[in-house]
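Fit chain B to the known structure of chain A by using the hints.
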Amino acid sequence: MRFFEFEAREIVKRAGIPVTDFGFATDPGQARAIAERIGGPVVVKSQVLSGGRMKAGGVRFADTPAEAEEHARAILELEIGGHMPRGVLIDPRAEVAQEYYAGVTWDGSRKRPVMIFSPVGGIDIEEVAREQPDKVGRRHLSNILPLSDFQAKEVIAATGVSGQELTRLTPIVRRLAELFSRYDMTLAEINPLGRLADGSFVALDAHMEIENEARGRHAALLEELGVGEHETRQAREPTPFEIAGEQVDATDHRGVAGNVTEFDGNLGLVIGAGGGSLTLFDAVRAHGGRPANYCEIGGNPSVAKACGLAKLVLSKPGVERIAVMMSIVSNTRVDIVARGVIKACLELGHDPAEKIAFFRIPGAWEEEGFKILERYGIEYADRSVSLNEAARRAVEKIQGAATGNGASAQAAEARA
Amino acid sequence: MSILIDARTTFIVQGITGREAVNLTRECLDYGQGARIVGGVTPGRLGREVHGVPVFDTVAQAVAHHGAPIDGSVVTVPPAFTRDAVFEAIENGIRLIVIVTERIPRRDVAQMVELAALRGARIIGPNCLGVIVPDVVKMGGIGGPARNAAQAYTPGPIGVISRSGGMTTEMSSTLTAAGLGQSTAVSIGGDAIIGSSYAELMPLFQADDETRGIVIYSEPGGRMEADLARWVTEQRARAREAAAGSNGEAGAAELREPLPIVAFMAGRFMDEMPGMSFGHAGTIVEGKEDTTAEKIARLEDAGIAVAERIEDIPGMIRAKMAAAEGAGEAAGVAGGAR
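Chains as they are written, first to last, in the numbering used here: chain A, 1 to 416; chain B, 1001 to 1338.
Isolated chain B (complex conformation):
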């Protein structure tokens, strides 16, 4: 299984006639089992085609042409028009929106996220490369051309969540080389406010049968790592409480022990350089909580292992998964004996 998307997911590309969007469309159509891109939207370009995908003026036209609700949209329009495009997608029933665009003011992002929450939609990004389910489908530029994406990503048990699009591929490639494939890899975006943080994606991975471990890439700035640490701690408490009351029977996915997580923390040098922004818009040390030292401490307190080097990740996550599964079996045996 996978999270967010699968082979049946239908989506559109908003801003499809832009240079990068044309490439992205080709890549998604070519990758894995081939994405079901059912339309593209660029105002004023009704009737054109991009790699055989029909172009419409409005999302409503795309939905009407498809004749059924459309699952997702990849939004690649310029920053000044992104909020409008996302509102249009949400109001036309689209429930998964990947925003590729960079440099969107955070008030606009917060408005999109709030409307999405009201309508039951989910946003990935902005400033992200999207989602990939290895060998099946990708939604966004993640991994690049189909040939390159196929080289880096392979199917398997690891969920990948990353604040950097490029590092999503670097980490997945390292996992692949070590024989650890990925269930789904999500580039969540590098901005201060994003649609889906680690903690917000964890329940989805937690509920996915195929995913057995999580690898994350993180950076200075923001509270996202602290939120993840809190989620893990709370999930552990929920699981222990449920286990205590259930006589050792395996509970529902949402009540299981949190999946083992290994984090990689980049930008350690930034701790000495408060007020300077590097890499992504959200990457800045403004207070103590933004520093990598503080984040690493919080992650480790929650039982999340933090890798010093990317090449250490496969061994670390393997060990954590083995330990977690050992503990799970032991609990199962204990339960059975009772």
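Extracted from the complex, chain A is given alone in its bound form:
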């Protein structure tokens, strides 16, 4: 989960790294008050999670508190990359002699954090790495051995930085690496890290991301920062349909029937498990199908949960039929999923044979499952039909049905 800049700066500050005397405001009046307190030229920055703030007009300069208020009013109403800002950050305009970069992230191949430093800051570090590779220092860190100043010193010195700059930067970079591991970050970046005229350093912007799986053990920090327990901060906000999917999954602790993502097609998908869902979603699209949603079933969910998920998908506007498909299951039971989806159809007043375009879940308890499917006249297949072929059949059926529906609609019109 990504932090807003004002939160990331607060985290940096708590780690003992100098920051500017910034303030966060959610209305123009507050912005003015902060600018008055700062008492000089300020920068007003939109607090959104998307990039390109500067280009979009989300970063503006003000010489007076009145001007800061005006800019705040405009920025607070400015949508950037599909997101409305959480607020604005008011920052004193610092006289910066030079901008640096300091960051820590994971190297998944080496399975260690990597500390990165550059005396060329304020721009994308990838670009610096491409164009001035000798100006980027990198060093892998141990996950077990304690962090020490010398590691930061080596990374900085490797870029040709020496003298007082080196001695002042060392503790800052070491502290950044410490906070990265203390708070289970996946990215901790200060860019730019500014050197002021007096030789001191100050973090001018920060980008921090915490690992979702570790949020539980940083509940206190998140609460102090005002991060809501259910804020996902994904690339886009969850839709009501997706939130309803989470509620289905939360009905009991057994297995998974959720991880719903909304699309705008006519074929509802009740699919699983993790890898199977990815494969099936691709296959449906490859055959020209238009999925109404992505989802995942797995880990042996209850009948109620499978039913809840199927009901949610069936009730989505525009969904004509559902396809119930999974890779071979060994833990999830075929009969339980079959019962769940049939129950969903019946409770919504549909004929399962009509609404379920295709059922392809082979594996554990399949004899029992197939018996139930036969009783309701649902078209199904065992493992001899591939995931791809199952998807093709489901798509074929709904495309046939779509023209059929069109015909019957015309017929109804003619009758009227």
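I should point out that these hints are in silico values taken from the structure, not numbers from a laboratory.
When the alpha-carbon atoms are kept at most 20 Å apart in a straight line, the in silico EDC-like pairs for lysine to aspartate or glutamate are as follows:
#	chain 1	residue 1	chain 2	residue 2
1	B	K1288	A	E126
2	B	K1288	A	E127
3	B	K1288	A	D107
4	A	K343	A	E354
5	A	K135	A	D124
6	B	K1288	A	E131
7	B	K1288	A	D124
8	A	K55	A	E127
9	A	K397	A	E354
Simulated restraints on C-beta separations:
#	chain 1	residue 1	chain 2	residue 2	range
10	A	Q247	B	E1020	17 to 27 Å
11	B	E1020	A	G199	50 to 60 Å
12	A	G216	B	K1288	30 to 40 Å
13	A	E237	B	K1288	20 to 30 Å
14	B	A1007	A	E229	43 to 53 Å
15	A	I123	B	A1252	45 to 55 Å
This one's a predicted model, so the numbers in the text were calculated from it and none came from an experiment. Beta carbons are placed, not taken as given, at the ideal position from N, Cα and C, and that holds for glycine.
Chain B alone, transformed into the frame defined by chain A:
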């Protein structure tokens, strides 16, 4: 032969009294020649039994009871306790650890992996279903109950490595139906950081006499496919260098041409949806290198064939194995003629 485990492998189950662990224990005991599960560990449950397997409070007690070093452990404890359980296993001399648990923060995983490397131990997972040697033994929930596992997996020449537990079985079943059995199938886990990646398992398959081809399942996210592509390219260079210096004699396994590989890439739709996570924790497109398009290009550059559909895999790997063996024989003949 097989990699990682065989009929003699002894292992314990940490967290054995949990619901899923009880099932997993039954499945492993029933499958193939029957797993040698020599104990289980759940703190506070000393003296109990799970399907006849004695339960201990500590790994040390299990080792003492067994009277000899124990080879492996299947770890099924909740995420908050996994690091401790894995450290305990490693410090008690266990050298192969299969971590089933999902949702472990990656710092914890990285710590386990680093300690394992220091001690010469290997981790499979987390968020995986384990390892299966068809008709012989399985370690973990892979393939499910013995009856189901026996239906999907058969012995043969293909090594299977997969980021998805379920797809390990789906692909193996497809291979089985086409008459291609598996030497060993490994579910490596779906997280961003895992104990053993494709590239880290390849040398083991490479050294295994029975394995003649590799099938992998991959997804968006991470550098694992790029690492595999690099390994294959480097292995080819090593093999050619060795061949040039050896007058055509068959070299040691580690200096042979890389085994033929066919990959299946799922989640192609995710290339259009950066920042969204689907399927597994490690499956997300954050940069260009995470996309399936980029991964497919890298794999193909290294000579790895990428299948569009699962059902195409058996034919593709057969063709690749035939081509590789043809080339091998040709090299052998050429060497003999000299």
